[in-house]
Structure formats: structure tokens, C-alpha cells
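Work out the full structure: start from the sequences and follow the hints.
Residues per chain are reported as follows:
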Amino acid sequence: MKTTELPRWASAFVLPVLNLLSALLVAALVIHLLGEDPLESLKILVDSAIINPEGLSYTLFYASTFIFTGLSVSIAMKAGLFNIGSEGQMYLGGLGLTIALLTLDSRLPALLLIPIAMVSSAAFGALWAFLPGYLQARRGSHVVVTTIMFNFIAASLMNFIIVKYLIPAGEQNPASRVFSSAAEMPRLNAWLPALGDTPLNISFLIAIAALAVYGVMVGRSAWGYKLRATGLNHNAAHYAGVSISRMIIVVMLISGALAGLAAVNSVMGSTHYLSLNFPAGAGFVGIAIALMGRQHPVGIFLSAVLFGALIQGGFDLSLEKPNIPQETFIFIQGLIILFCGAMENLYAPAVLKTLNLRKG
Amino acid sequence: MQPAVEFRNISKAFGPVQANVDVSFTIAKGSIHGVIGENGAGKSTLMSILYGYYRASGGHILIDGQQRDIRSSHEAIALGIGMVHQHFMLVENFTVLDNVMLGTEGGFRLGAKRAAVEARLREICQRYALEIDPLAVVSDLSVGAQQRVEILKQIYRSANILILDEPTAVLTAQETASLFEILRTFKAQGKTIILITHKLGEIMEITDQVTVMRGGRVAGATATAASSKEALAGMMVGRPIESELARAPFAPGAPVLEVRGLQLDDKDKVRRLAEIDLTIHAGEIVALAGVSGNGQSELLEILSGMRLPSSGTVALNGVALPFARRRDADGLPAQFRELGIGHVPEDRLRDGVIKDFSVMQNSVFGYQDKVANRWGLFDFKRIAQRCGALIKNFDVRPADPDMRIGLLSGGNQQKVVIGREVMAKPALLLVGQPTRGVDIGTIESIHKELLKLRDAGVAILLVSVELEEVRALADRIVVMSGGRITGGLKIEEFDTTRIGLLMGGMHKK
Amino acid sequence: APIAAPKLGIIYDAGGKFDKSFNQSAFEGAERFKKETGIKFIEAQASSDTQAEQVLRGLARKKLDLIVGVGFSQTQAIQKVAAEFPKVRFVLIDSIAKGGNVNSIMFREEEGSYLVGVAAAMASKSKKIGFIGGMDIPLIRAFSCGYVQGAKSVHPKIETFQNMVGTTPAAWNDPAKGGQLARSQFERGVDVVFAVAGGSGMGTLQTAKEKGKLGIGVDSNQNYLHPGTMLTSMVKQVGNAVYDSFSQVKAGTWQPGVAYRGLKEGGVDWVVDKDNRALVSPAMEKAVNAAKAAIISGKTKVVDYRVAGKCPV
Amino acid sequence: MDDIQLSSIVVSTIRNAPVLMFAAMAGLFAERSGVVDIGLEGKILASAFASAAVAFVTQNPWYGVAAGMAVSAALALLQGFVSITQKGNQLVGGIAINIAMSGLTFVLAQFFFQQGGRTPDLGEARLFDIVLPGTAALEGVPFLGWFYGHVIGGHSILVYLAFLLVPIVHWTLYHSRFGLRLRACGENPHAADAAGVSVEATRYIAMLVAGVLCSFSGAYLAIVQSGFFLRDMSAGAGYLALTALVFGNWRPIYTVLGCIMFGFFGAVQIQIEGVDLPLVGRIPGSLIQMVPYVVTVIVLAGFMAKSVAPKALGRPFVKSR
Ligand SMILES: Nc1ncnc2c1ncn2[C@@H]1O[C@H](COP(=O)(O)OP(=O)(O)OP(=O)(O)O)[C@@H](O)[C@H]1O
Ligand SMILES: Nc1ncnc2c1ncn2[C@@H]1O[C@H](COP(=O)(O)OP(=O)(O)OP(=O)(O)O)[C@@H](O)[C@H]1O
Ligand SMILES: [Mg+2]
Ligand SMILES: [Mg+2]
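Chains as they are written, first to last, in our numbering: chain A, 1 to 360; chain B, 361 to 869; chain C, 870 to 1182; chain D, 1183 to 1503.
Keep in mind that the hints are not guaranteed to be accurate.
Label-pair restraints from in silico Cβ distances [stated by the list, open to error]:
1) A:V216 <-> C:G969: 48 to 56 Å
2) A:G281 <-> D:E1321: 33 to 41 Å
3) B:E635 <-> D:H1357: 44 to 52 Å
4) B:G842 <-> D:V1476: 44 to 52 Å
5) A:N356 <-> B:G598: 32 to 40 Å
6) A:N356 <-> D:A1256: 29 to 37 Å
7) B:V630 <-> D:L1459: 42 to 50 Å
Using 27 Å as the maximum straight-line C-alpha spacing, the simulated DSSO-like pairs for lysine-lysine come out as follows [to be verified]:
8) C:K1179 <-> A:K164
9) A:K164 <-> C:K1170
10) C:K932 <-> A:K43
11) D:K1269 <-> A:K353
12) A:K321 <-> C:K904
13) B:K808 <-> D:K1501
14) B:K812 <-> B:K752
15) A:K321 <-> C:K932
16) C:K1179 <-> A:K43
17) C:K1133 <-> C:K967
18) D:K1269 <-> B:K627
19) C:K909 <-> C:K876
20) C:K931 <-> C:K1119
21) C:K1179 <-> C:K1026
22) A:K353 <-> D:K1501
23) C:K876 <-> A:K321
24) C:K967 <-> A:K164
25) C:K903 <-> A:K321
26) C:K909 <-> A:K321
Taking beta-carbon pairs under 10 Å as the criterion, some of the chain B residues facing chain D (in silico) [what the hints assert, rightly or not]:
27) Q378
28) S408
29) S432
30) H434
31) M443
32) H445
33) N453
34) G463
35) T464
36) F468
37) L470
38) K473
39) R474
40) K513
Source of the hints: derived by calculation from the structure; they are not laboratory data. We treat Cβ as the ideally placed atom computed from N, Cα and C, and that holds for glycine.
Structure (C-alpha cells):
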């Protein structure tokens, strides 16, 4: 009999690979038009993002942040909430850990300091997500709109706080002071020197753990079941005994906390001070990752690594090929999201036909 | 005479499901042609192919003797085919007028046309006694009125071949009668009508010819006059249907549910329920009869915890239900279920299942916390066992626990819901319209299950607009009208006229 | 010791080397050096703080002799990487980083702004002058504070209007808003506006031209943008700083530490050229040059907003 | 307090609003047909670049407007292909376009003009403000002079287009066949389909209209307000337009009021920056900039709690149960 649906292996691997190739093909065309050799560029990209251990380690460093923002967007999406506010929540998370560190970093050892800072960043992120969640649950205001607004508000608020209160006297850069070394996330190159001198730190391991917890919570627990039911059908979820408004608020708190935790990798793992606009779009990348990874832990991981690789590889490539500015990779990110996320079934009919032909 | 429609070897597959297999039959011009069959027999699919909604994977359709390739509903409409779907195809926030005009606007500017169409609609409504205000917004209309809008649409478009897919599933007896009046007028005008229904009485009453479908194929065809309800039922299900179901003698136990002075005011301070007093005993089925929209749904919602009453008390086994001092009903159904109240909701797709979940996932819907271990994690083995038992005991077809429940036919979805609630062993079961849109074979098995439950000592509150069903199941009948209980009678006193009067709000002093 | 062919690097900040102001000026200084000596340099851009560190480290690892970081956003990164690579020399522009191998170059923006403030006050007929900043940060406040001090030294009662384009880095790239702010200030009577807002300032100066008001450019000499309505530009000789640093390494005279470049050092200045000659009256030129001399001699002290975080006027 | 001038606020508001109005009306068409248009931002940016680049090269603003229109319409059709034909996730498609355009416009601008992702100044190739006849004569007359010269007159032709479009859009939506079909497709595409309306065709046309409308937003930014293209110059206008749409409950007039409200806050903010206000004193600029967003949240939470989106919004039309 002819198959009318693609087997799992085809839809899980063949289609994404074909889509990725299409995106890269369009990207290659653009690179060619810019006057560079696409194949050589790809080689440089892959070399510096994946093959070179230090590059790989940078890739994973960026991915760690993206896993958190991707999880933040994913969990809300599972409940049917489109949280565009991870960017602002991450920004506020940075404020949370900064406040904790500025008051405690000279007094506490790393073992206490780091967990406290993490809790504080999660709490601030959650707090920033609470109001949109509350308004959605109790007042029915669209979380999409309120979180967009909260991003704008966060930007202004953080600017105000940093410029007014956090810049150390006599400094130019609108940023907090550098934290004490106790506040630095332990780096993985301490155990694996091959990783080179990169900021890859235990946040990466925490991110992996978070993915696992997310997978179990959403896929295998009664709570996750209620969460998904809420996302799919409010009426039915209410019938099933889910407290919808509580669910919405709780999910937004978790989502905000995850976004807040994304700040830990950026701030405590790398720069060691709070700077203006440090999330640099990681919250928005989180949306792309959640959508492309279909809110599945493995998918989130793979897309986070892909985006990390693009940032790292693209960066090195633009150093070597001045004709290819870094912005090219923003464009390529968009293409990948378009092909892998929105046109995921572009090749499904063709693949199906091929499979059926082979069967005769 | 040339047949109006001829199906030749129509086949249609959805993935592995063969919805239609080699279907061939003809429909005579100017006749009312019944199509019956179990849930999932392929009736709606066949009609959707005729209406251009689906494309057949094989076979041809002839309209008035001409082979036609109908690729869209637009083309079907051009051929004079009209269809009233199982689920209404109305834009809810449009006026009746705009719904009728949609697709037949007659020009880019609506302005002047609107007035002309409105006048024409008023004229049609008068002629066919349709009682619809063309300027009313559809969402404000009752189900019956929405049905009339669908008919109005077809009259306005002067469809020559009219397909009606289960038009009476949601209608009251009176509404059905007036619909049939219109169908007879159509027939007199020479129009051809295809009527799908699960109610054999209606088939006997109005059709000229019947085609019976089973498993996607034509299982038989006959002139209505030459057949009987029993014979048709046998052809449909492949076995005889018992007309009278066995039940233990009426022996009610202690009162399980006691409702006292229940009132409900909605957001706009309109009183939806007034002074409801109701007692249901163990081992008793109380049927709540009435024209839909008279407060039955609200009462069911309150008793299941989905909605808070404005005042009054409800006790289950002598203990007051915990809705006092709550701001909203969020999460309350879980508590009620915990206390032993099962609930088969009236609208299964809206409330009772998650369409995108599998049958297995839906089999624990509402009971998700019961099948989790103390860490809150699911015990998948136990769930699979439970679901396997449900599929077996309630004959869910296809017996595939991993199938998306949205792909099941309505009857089979209903079996999953009822099975789930029954298997939870409730003390009180609230059942809303358990057999709406369900075929007679399945109706029989659902009725059997409910009676078995009653015999086991469960108190059951049944809300149904089908008097046939009420008669088959109830020990006691309570009639509601305008949010009040207008009267009650024992099953021995069953009397259609009296119930009709009570439904109309006539109190017997 | 002199190095015949030093290996040089320059890292621009988020604005990029074609920003028509700050980074571009640095780029031009480096180009000038290249043209004169034939010595090439490596370029890179750091779009975020995390990246700044990565780029710096990447270049430092190539064993360069000198790396110039353009812009205060590289402060912490330079401090950190400089400690890791003691053999590499670093130059940081616009901010101070600690380290025995770092030379921090600061400009006295308040002094240059003072001069254009004097010019603005004299050019203004309405005695209302405006200032439009990009992002609301101390550096930009330092510009506006110096500008107002200069203006008030001419007319103590002069009215000043100040607006910032925004609070995120997008504020440097919003010419529409820059124009809108200018328009609003003009409607309130302003007739001279000083734009310190990167790309957004383009909108400001453009609007000034349309409305027949005067604009003052910043960082590079922007007089050529709209000859006839550009009163002057307050230049910040970032290019000279880069050129000098490169030359010092080549000559072996490079020194770490903190260098302030004000009027005296030729780090900041105002510009009179063919594009604005007609707008600068002899009296104005005299007054500005007098102010300049007074500041250089120390007779006039211009308060730096950044020292106490506030402006006296 | 006298520093705050109402007249200036009014004029600024009129100038601020069109960017949002064009985009919001574009979004109105897309979303009323059932396609979520979170890709407004990308389309604005792309058309801003195309308009500026072509206007500069040809030195003719109208060629610029046409180019912006073509590019934005092409993107809208791509979005349509993703959402309608491919039945993909509409939010993903839109966000992908936003991200891709943010990168591509920079790369192209850099490639062609070598000015750091900027186009050269348009100079004479800009659209200039229209001065109504008699403006000069009335200039001295109190109020009337201002009103005639600066409120009614003194704007670019695109400003007039923006305001002229409001009744046209309203009429199209509520009094034309296309509008009826459009709304039906956004509410219940199955009903529209059963009535013989092609859901796909209607949605494609809606996207095309959205693309064209949105292009004016970009053209306005580039060749009216700024006089050149600059990377990411849309600065969130697309998202703000979407907010106005929600704010206006997907109705043209309320949506436009939302846009005007945002324009108004922008204008007020310019005015109160650095001014000593009674009671509160001088408010820092960064806090003033929060005001429109905070007000939006309050309004949405308060008396506009229930906004009703088109029912089928975001859902691809699939014939199945
Ligand atoms: N879009 C679809 N995708 C997959 N399967 C479908 C689809 N539509 C119908 N089916 C399957 O095709 C078969 C026939 O369905 P159909 O709706 O035609 O039955 P029916 O006779 O109308 O049933 P009912 O009496 O419940 O209305 C069923 O098994 C159903 O599950
Ligand atoms: N069935 C109809 N017949 C005639 N005119 C109609 C009909 N339906 C709507 N209209 C006209 O359409 C217009 C819009 O209707 P309505 O007031 O419901 O829109 P709205 O949602 O308030 O939108 P907005 O305020 O943005 O215009 C009205 O002018 C109304 O006269
Ligand atoms: Mg059917
Ligand atoms: Mg109205």
C-alpha cells in the first residue's frame, strides 16, 4: 500500500536537513553575490564553530544562553501563551543577580554566592513576567502585547537604573562595577583545557539539566499534561479541573524565571558586570529556537547549538572575509527560521513521492 | 427519468482510513433520499465530495446525467448544489444578512444590494414561516434559528439539490416538524433532497428512498415504503436492535444529590436559574427534559463545578459542595470529581476531549492526577492498561489508543468520554446529551452502560432533548422552562403532551 | 625600542567604521597611518560586550604589537584581556582601563562643547538653543553640560532645550526621531541645535537644514553635510589619537597610562572651513577663540559632568 | 510649564502617526483575513531600504515609493506562501522575515553604498512637505494661520494618504464584497469556503494589500522623515502597530486612534523631557520614554480588557476535522 504519511525518521531528520540545506543555498547565493566563495566560507564557518575545539566551546557558550531563553519561550508556548518578553525578563534577571552580587560578592564564598545570585536572577525574571501573566489570567489582556510593552519598559527602566545608580564614579561605560572573582561561574576549561580560553562555564551543564527537567515536567507529569491541555483548549482544561488563571500565572512565572536565568551565563559567565542591553536579542532568538525546536527538549538543544554556531562561526568568518559583514548571519538566521520553522513541510510531498516510488 | 445525482464507484481514503469504498447509487430528481449508517460509515465524506469540499480518490459524479468534476464548493454551488453541514457553516459575528450574502454578493459594492437582499430574505421568511430577523447577529440566535439560517441561505441561493447532514440532531420536536414542512415544500417544487440522519423515525416519516452505508460501502438500498425501522436498523448495524432495554426494578437508595434554592444570575444580571430544588437518589436516573437553552446546561455546569451559582446550596451524600466563598470556579471541577461527581459534557469537542491528544491521553482527561505517582509523574503502563480496557469495554473503533481523538467519528469520541466517566466509578453521574449525533448501534450500547450504572446504585442526572431517550432511560422526569423547574413526573406517567406543555412553561396547578 | 613593521589592530564598537562620526574618525586616522607608512592593520568590530572580549582575545593571540579599542564599551574587556596578555599593548579610547600595558585616551568633550556652546549662543537670534543626545549616558551628558556652560558664559539667561533620542542602543540609529526632536525644539523657538546622537543626529541636522535653522555636528567634521546651515562641528580627534598611538609604537615611544586630550592637546576643537565660513561672524570667531585660549591657559575651567555626575548649570 | 506647547504636540502627533497607521492598516487586512502579521517590522524595514536606495539612485522619490511597494508586496506574498499554501506557523514566518530583513538590508546597503549599512542622503530626492496656497498670507493670523499652515497643510503627501486611507479602509472592510469575504475568512474560513469563497485567494489578496500598505510606512520613514536609510531604522514600529491593532480590537477607526495615541505620547515625551513639572519635578528621559508603554498596558488591562481577535487568526485553513 502507498504510504500517505511520512515515517517518523523522515519527518524528524530528512525534512529538517533538506530545509537547512535550502536555507544555506539561499545564503550561499547571497555570499556569492557579495563576491566571496560560498564553499570556502562554509568551510571557515564550520571550522571555527564546530571543528575547532575553542570555537565549539564558544558555540556552546552562546547556546547555553539560548537554551534558557528557548525554554522560557517554549514552556509558555506549551500553555498557549506567546511570551515575546523573554528579552526583557532576561534583562531584569541580570539586574536581579547584579543586586545580589553588588551587596554580597565581597562577603560570601562562590559556593553560596552563585546559587543566591541565580535565585535572584530567576526571581527578577519571574517578577517581570508576573504582571503580563496576571493581566492575561485575570483581565484577559493579550500576553503578546503586554510582553512587547514590558520589553520596552524594561529597556527604559534598566537604562535609568544603570545610568543613575550602577555606574561607578568616574567610569565612562554605562555598566556596573566588575564583580569579585567569587561571582564567576566556574569555567569548563578548568576540567577540559582543550576547550581553550573561552567563557564556556557550568551554565551549560545547568542548561542541559534544565532541558531534562523541562522534558520530564512537560511530557511525563500530570502538571505538564494540564499545561498542554490549557494550551490546546481552555474550555476542556477547565472541565478537567485545571485552574486556568493559576496555570497561566504559574507558567509565566516559570517562563520569566528561565529567561532570568539566561542572564547568569551572559553576565556571571562572561562579562562579570552588568552592561546596557546585555541580552543583545537573546530573548528574541529564544522565540526562534522554541519554534524551530518545536518546544521539544532535543529540538531546543539542537536549534540553540545551531544558532550558537552561526554567531560564533559568522563572527570568525567576518574577520577573515571583510566582504561578509556579521549582519549576513542575522540574515541567514532568518532564512533558517523561515525554512526550518515555517516551511517545515516544504519537501514533504516530494519525499513522500520518492518513498512511494522506491516501494514501487 | 434522469437521476439528479449519480455516484459511480466513489472512493476516498484519509491516510490509512478508507472513508468511502466504491460507492455507487443514484438519487432521483424531486425525491427525498435518506442516507443512513453508523458513525464513521462515510456519509459525511461522501456528501463533502459531492459538495466539492474533498476530492475523491476514485470514481465519478454525474449531475443531471452529466459527468462533473466538482473541485470546490464554488463549483458545486454553480451546479445548484447546496449543503447544510453537520456543524453549521455560519460566521457567528455576522448578521444573517451578511451570512446569506457571503459568496453571492453580486458586485463589489454591498451598499444598495444589502437593502435588496434584506427585502428578499424577509419575503422568503414569510413564505416559509422561518421567523428570522435578517439583521440579527448569528451568535445571538438559538441553535434552531441558526439551522433555519442555513436553510434560508439555500433557499436564497435557490439550490436544486440540497444536502442536509444530520440537520435534526440539535432540533426540538417542533423545530424538526417545521423543518420537514419546508422540505416537503421543496419536494413539491421539484427540488432534490439528500437527508442524513441517525433517527430512523425521521427516515420513515419523510424519505422516499434510503441508502444504507456501512464501513464506507453501500450496504443496502430500498424504497422507504418497502422497509421498516427494524429492517433498516438491522441493515445498518448488521444485527437486530433491541427496542426495549432490560433494567432492574426501580429501587432507589438514599438521596445522593440534594439541590436547594439554587439561583444563577449571569454577567448582565439576567436570571438564568431560579429556585431550583432537586433530589436524586442512588440507583435512579432523573432526566431533565426541556427545550435547549432553558437552563439545563447551566444547571449541569454548576453541578459539575464548572460554574458558580449565585445562591443556594447543593449537597452530595449530605455534605455541602465546596463552592461557597469562591471568586471563580477555577479548578473546582477537580474537587467535585474527587468527591465522586462524574460529568459527560454536552459539547464533547468543546469541553470533553482535547482533539489533539490521543485516545489514550484523553482516556485520563480530568483524572490526570489520579494516574500520577507521588512525584506527579505519569505511570504510563497503568494508563495504557486503563485505556485498553476502555477501548474493549466500550467498543471504541478503531481500537487504536494512539490515534488522535479528533480523527475518530463523533460516536466513538462519545464512547471514550462516557467510558472514561463510567470507569471512574462516580457516586453521581451528570450526563449531557449523551447520544447527540450518535448512531443507533452506539446509542444502544451507551444506554446499556448508563442503565448498568444505575443498577449498580449510581445516581444519574440525564439532560436530553430527545424524548425517546428520556423515555428509554429515566425513572423520573423533571421538566425545565425559563430557568425554572415547571414540573416532574414518574416514568409510568410519561405523556408527550403533558411534557410538551411543561416545556412551554405551562404550570399545572 | 622602535619596531620597523609593528603588527597593529583596531576594534570598532557597535557603530561600525562607517558611522560618519566616532568610529569613522578612528578608521581615518588608521588609514592615514597606513598610507604614510605602508603598514597594514587588522580591523574588527565588537557588537556586544561578550564579543568585545572574544575579539580582543582573538587579536591578542595573534601577537599584535598594539590593539586599539574604540569606545567605552570595551573598557572591561580590555582590562581583562590586557591582564592576560602582558606583552601586547592596548589603547582604549574614551574610557579608562587599568593595566601596565594599557594607554587610556580620554577626550575633554566638555571643552569642545563649551566652544560650540559659545558659538551657538552668539548665533542664536531667539536666544533659545537646543541639544539632542543619542542615548542617555554620562558621556552624552558631558557634551550637553559643556555646551550649556559655554552658552551661558555668553548669555546667562539663554534658554536651553535638551532631548535624548532613547534609552537603548537603537537610539543611535533613529534619524526619524532625531528629526522629530529637532522639529519640536524648533517649534519651541530654538534656532541652533547641537546633535550628539550618531546616526540619529543625521536626522537632526537634516531637519535643521529644511527648517532653515542652524545645526552643529559632532565627532568628525560634519560641516560638509549641509553647507549653509551647519554652524560648525565639534570635532573629537579620535583619528589623531589612533594615528599617534600607531606612530608611537613604531617609534618606540609608546607609554601606558591615562592621557587626556582637551583643547590644549588638540584632542577636541571646533571647525571653521569653507562650508561654514559665511555663518561664522568675525565677532563670533573672536569670542570662541578667546574662550579657547582661556580654557587652554586654565583661566576658564569647564566642569566635567562625569566627575560628580551633575552639571552646575 | 509654559515650555509645553500644545500646538507643537498636535503637529508632531500628525507627523509621528503615519508610520504606525500604514503598518497597522496593513496588519488589519492581513489579520482580518486570518493571517497573523508579526512580520510588519521586516516589511517596513525592507521597503524603507528599497525606497531609499532606489530614490537615491534614480533621484526620484516616486521610483523609491514604487520600489518599496514591490519589495514589501513580494515579502507579503512570501509570507502568504508560508502561511496559506505551506500552512506553516504564521508567527514563525513573520519573525523569520523580521530577522532576515534586519540582516539583509544592512548587508545590501553596505554592499552598494559602503557607508556602514546606510544609504547616502537623498537630498533633493526626498518627498517634501506640501505648502498649501495662501499659507503665507494666513501666517500672521492667530490660530487659523497655524491651523491652516501646519495642521491641515505643511505635510508630505504620504501623511495625507495615511489619513485618507482610514475611511477607504473602513469602507472596504465593511461595505465591499472583498471586505465581507475577508472578515469571513478571518472568523470562520470553513463557512466562507462552504459559501463558495476561496479562502486561499482571499487571504493572498489580503496579504498583497497588506504588503502595499506596509510599504508606505517604510517609504515614509526613509524618504519623508529621515531622508536616508539606516540599519534597523524601523525601531519597533511594526510591533507597535500590531499593538495598536490589538488595542483597536481589529477595527480600523479604533486602531488608527491607537496609532495616533502612540504618536501623541511620542510628541508629549519630547515636550516634557527636561521640563520641571509641578509636583514631580524633572523626570529623567528614560522614565518618560516608558510612558506610552505603561499607558498601553494600563488601558489594555483596564477598560479594554476583552479584545476579541478574529477567531481564525493564526490558524492555517485545513480542510479536516
Ligand atoms: N479529515 C479526515 N481525516 C482523517 N480521517 C477522516 C477525516 N474525515 C473523516 N475521516 C474518517 O473517515 C471515516 C468516515 O467519516 P465520516 O465523517 O464520513 O462518517 P459519517 O458517516 O459521517 O459519521 P457520523 O455519523 O459520525 O457523522 C471515519 O472513520 C472518519 O474517522
Ligand atoms: N448588515 C449590514 N447592513 C448594512 N450596513 C452594515 C451591516 N453591517 C455593518 N454595516 C455597516 O458597517 C459599518 C461598521 O459596522 P460596526 O459599527 O459594527 O463596525 P465597528 O466594528 O464598530 O468598526 P469601526 O468602528 O472601526 O468602524 C457600520 O457603518 C455599519 O453601518
Ligand atoms: Mg457525519
Ligand atoms: Mg463602530
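Open item on the list: Hint compliance check: list the failing hint numbers for this structure, sorted ascending.
Closed with: 2, 13, 16, 18, 27
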